[in-house]
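In case you want the letters, here they are:
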Amino acid sequence: MTRAIKGWTREQMAMRTAMDIPDGSYVNLGIGIPELVAKFVPEGREFIYHTENGLLGMGPEAEAGQEDSELINAGKKAVTALPGASYFHHGDSFTMIRGGHIDVCVLGAMQVSQYGDLANWSTGAPDAIPAVGGAMDLVAGVKTIFVISQHVTRGGISKLVEACSYPLTGKNVVTRLYTDLAVIDITPEGFRIRELAPGISFEEVCAKTDAPLRPLKEN
Amino acid sequence: MIDKRVENVAAAVADIADGATIMIGGFGEAGSPTALIHALIDQGAKDLTVINNNTGNGEVGLAALIASGQVAKMICSYPRSSHSKVFPELYRAGKIALEIVPQGTLAERIRAGGAGIPAFYTATTVHTPLAEGKEIRSLEGRDYVLEYALKADYALIKCETADRLGNLTYNKTARNFNPIMCTAARITIVQARKMVGVGDIDPENVITPNVFVDRVVNVADPVIESHLVAEGICYP
Numbered sequence: 001m002t003r004a005i006k007g008w009t010r011e012q013m014a015m016r017t018a019m020d021i022p023d024g025s026y027v028n029l030g031i032g033i034p035e036l037v038a039k040f041v042p043e044g045r046e047f048i049y050h051t052e053n054g055l056l057g058m059g060p061e062a063e064a065g066q067e068d069s070e071l072i073n074a075g076k077k078a079v080t081a082l083p084g085a086s087y088f089h090h091g092d093s094f095t096m097i098r099g100g101h102i103d104v105c106v107l108g109a110m111q112v113s114q115y116g117d118l119a120n121w122s123t124g125a126p127d128a129i130p131a132v133g134g135a136m137d138l139v140a141g142v143k144t145i146f147v148i149s150q151h152v153t154r155g156g157i158s159k160l161v162e163a164c165s166y167p168l169t170g171k172n173v174v175t176r177l178y179t180d181l182a183v184i185d186i187t188p189e190g191f192r193i194r195e196l197a198p199g200i201s202f203e204e205v206c207a208k209t210d211a212p213l214r215p216l217k218e219n
Numbered sequence: 220m221i222d223k224r225v226e227n228v229a230a231a232v233a234d235i236a237d238g239a240t241i242m243i244g245g246f247g248e249a250g251s252p253t254a255l256i257h258a259l260i261d262q263g264a265k266d267l268t269v270i271n272n273n274t275g276n277g278e279v280g281l282a283a284l285i286a287s288g289q290v291a292k293m294i295c296s297y298p299r300s301s302h303s304k305v306f307p308e309l310y311r312a313g314k315i316a317l318e319i320v321p322q323g324t325l326a327e328r329i330r331a332g333g334a335g336i337p338a339f340y341t342a343t344t345v346h347t348p349l350a351e352g353k354e355i356r357s358l359e360g361r362d363y364v365l366e367y368a369l370k371a372d373y374a375l376i377k378c379e380t381a382d383r384l385g386n387l388t389y390n391k392t393a394r395n396f397n398p399i400m401c402t403a404a405r406i407t408i409v410q411a412r413k414m415v416g417v418g419d420i421d422p423e424n425v426i427t428p429n430v431f432v433d434r435v436v437n438v439a440d441p442v443i444e445s446h447l448v449a450e451g452i453c454y455p
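These protein sequence lines map, in sequence, to chains A and B. For the first sequence, the working numbering begins at 1 and goes up steadily by one. For the second sequence, the working numbering begins at 220 and goes up steadily by one.
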C-alpha cells in the first residue's frame with residue numbers, strides 16, 4: 001500500500017514559488033529553502049539572480065573542486081557567475097535593493113503575521129546575538145516579498161500568527177507565503193488560502209495556523 | 220613623484236594608534252585584507268573600533284584581531300559565523316561592544332561618509348527595534364529613519380591589481396565593501412595581489428581611482444582564511 005501524498009516537500013515548495021515569479025524578473029534569494037528556488041525556473045522563463053554581496057547574474061553553486069573563495073553568495077557559499085553577469089560594490093548592490101530595482105525577494109521566516117509583518121532575524125532572547133544582515137534592506141526595498149517556510153516549527157508551533165512576538169524585520173512587507181501545507185496570500189483582511197497542498201484540507205491548515213484564515217476565494 | 224607603495228605590511232600599519240576607528244574590507248573571507256590585519260595584531264594597537272560586515276572566521280584575520288583583545292567595539296551587520304566562537308564568547312562576557320547595522324544601511328553610511336554627506340533617511344529598519352530612539356520623518360507618504368554617515372581613521376583594503384598611484388581593481392565578489400571604505404577613511408591602506416605599471420590598468424577599468432588611496436603594499440600570495448581555518452591555524 002502506498003502512503004497517501006500529504007503536503008509539499010521543501011523542493012515542491014520552492015518549485016511552487018518559482019511558478020509565481022514572472023519571466024524577466026530580477027530575483028534575490030535568501031539563505032536556506034529560498035536558495036532551492038533557483039533549481040526550478042519554469043520552462044521559457046529567464047530570471048536574473050542578485051546576491052547582495054555584489055553579483056548580478058549569479059549561477060548555480062560551484063562544483064566540488066571548482067570553488068573560488070572570492071566568488072561567493074550572501075550565504076558565503078561558493079557560486080558561479082553566468083555569461084552577462086556583473087560585479088559591483090556594496091553601495092551599488094544596495095542601490096539595487098533599496099532603490100526598488102529588484103523585483104522579487106524570497107526569504108525564510110521565524111514568524112509572519114496576518115498583515116504581512118515578518119520576523120526572521122532574532123528571537124529577542126537575552127543571550128541571542130543580533131545578526132540582521134541584509135534582510136531589513138530587502139523587505140524595505142523589494143516590492144514583492146515571498147516567504148518560504150515550514151508552516152509550523154519543529155516544536156509544532158505555528159509560524160503564522162496574529163501578531164509577531166519576535167522582533168520585526170519589517171512591517172506589512174510580505175506578499176505571499178509558501179508553506180508545506182498551502183500557498184497563502186496576505187490581504188488587507190489577513191491570511192487567505194490561495195492553494196492547498198495535495199492531501200491537505202482547509203480545516204487542517206486552520207488547526208495549524210495561529211490566526212484567522214480565510215478559505216480559497218470563490219469566483 | 221607620487222609613489223604610494225610601502226615596503227611591507229608592518230610599515231603600512233605602523234602608525235595606527237590606540238583608540239583608532241578602522242574600516243576593514245571584505246564579506247566573510249572574500250576581500251578580507253588578512254595580511255594587513257595580521258600586521259595590526261603584531262603592531263598591537265588597542266581599544267579599536269572596527270567596521271566590517273562580519274566578525275571573522277576561526278581564529279585568523281579579523282577573528283584573531285578580536286581574540287587578541289585589541290577591539291573594543293564592532294560595527295557590523297552579521298556578527299555570527301559558523302566557523303568562529305571568538306566574537307560570541309567575548310560579547311556574552313561583556314568584553315566587546317556591538318553596534319548592529321543592517322547591511323545596506325552600513326554600506327550607505329560608509330558611502331555617505333566618503334561622499335561628504337553627514338546623514339540620510341532610509342526606509343530600512345522603520346517599525347523595527349533597530350529604529351528605536353532614531354528620528355523618523357515622513358517623506359513622499361512613507362516613513363524613513365535618519366542614519367548618520369560613518370568615517371574612519373584608517374581603512375584596510377584588499378584589491379587585485381594596483382599601481383604606484385593607487386589605482387585599484389578587484390576580483391569578483393571580493394570587491395564588496397572595499398571600494399566604498401577606500402573613500403571614507405582618513406588613511407586608506409591597501410594590500411594588492413599584483414602591482415602593475417602606471418597606465419597598465421585601462422582607465423575604463425579602474426574601480427577605485429587613486430585619489431582615495433594612501434598606501435599600497437604588495438601581498439603577492441595572500442593567505443586564504445578558510446584554508447587556515449581548515450588547517451586549524453590560529454594567528455599569531
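Keep in mind that the hints were calculated from the coordinates and are not lab data. Incorrect hints may appear among the rest.
[Said to hold, decoys possible] Think about it this way: if two alpha-carbon atoms lie no more than 30 Å apart in a straight line, the pair counts; the simulated BS3-like pairs of lysine-lysine are:
(1) A:K143 to A:K39
(2) B:K353 to A:K77
(3) A:K143 to B:K391
(4) A:K77 to A:K39
(5) B:K413 to A:K39
For each hint, the structure was consulted:
For a cut-off of 30 Å, the pair hint linking K143 (chain A) to K39 (chain A) stands: about 23 Å separates their Cα positions. For the proposed pair K353 (chain B) and K77 (chain A), the alpha carbon gap of about 35 Å is over 30 Å, so the pair is violated. Between K143 (chain A) and K391 (chain B), the direct Cα distance comes to roughly 28 Å. Compliance with the 30 Å bound is thereby established for this hinted pair. Only pairs whose Cα atoms come within 30 Å are accepted, and K77 (chain A) paired with K39 (chain A) is accepted, the gap being roughly 16 Å.
The straight-line distance between the Cα atoms of K413 (chain B) and K39 (chain A) is roughly 37 Å, outside the 30 Å bound, and the hint therefore fails.
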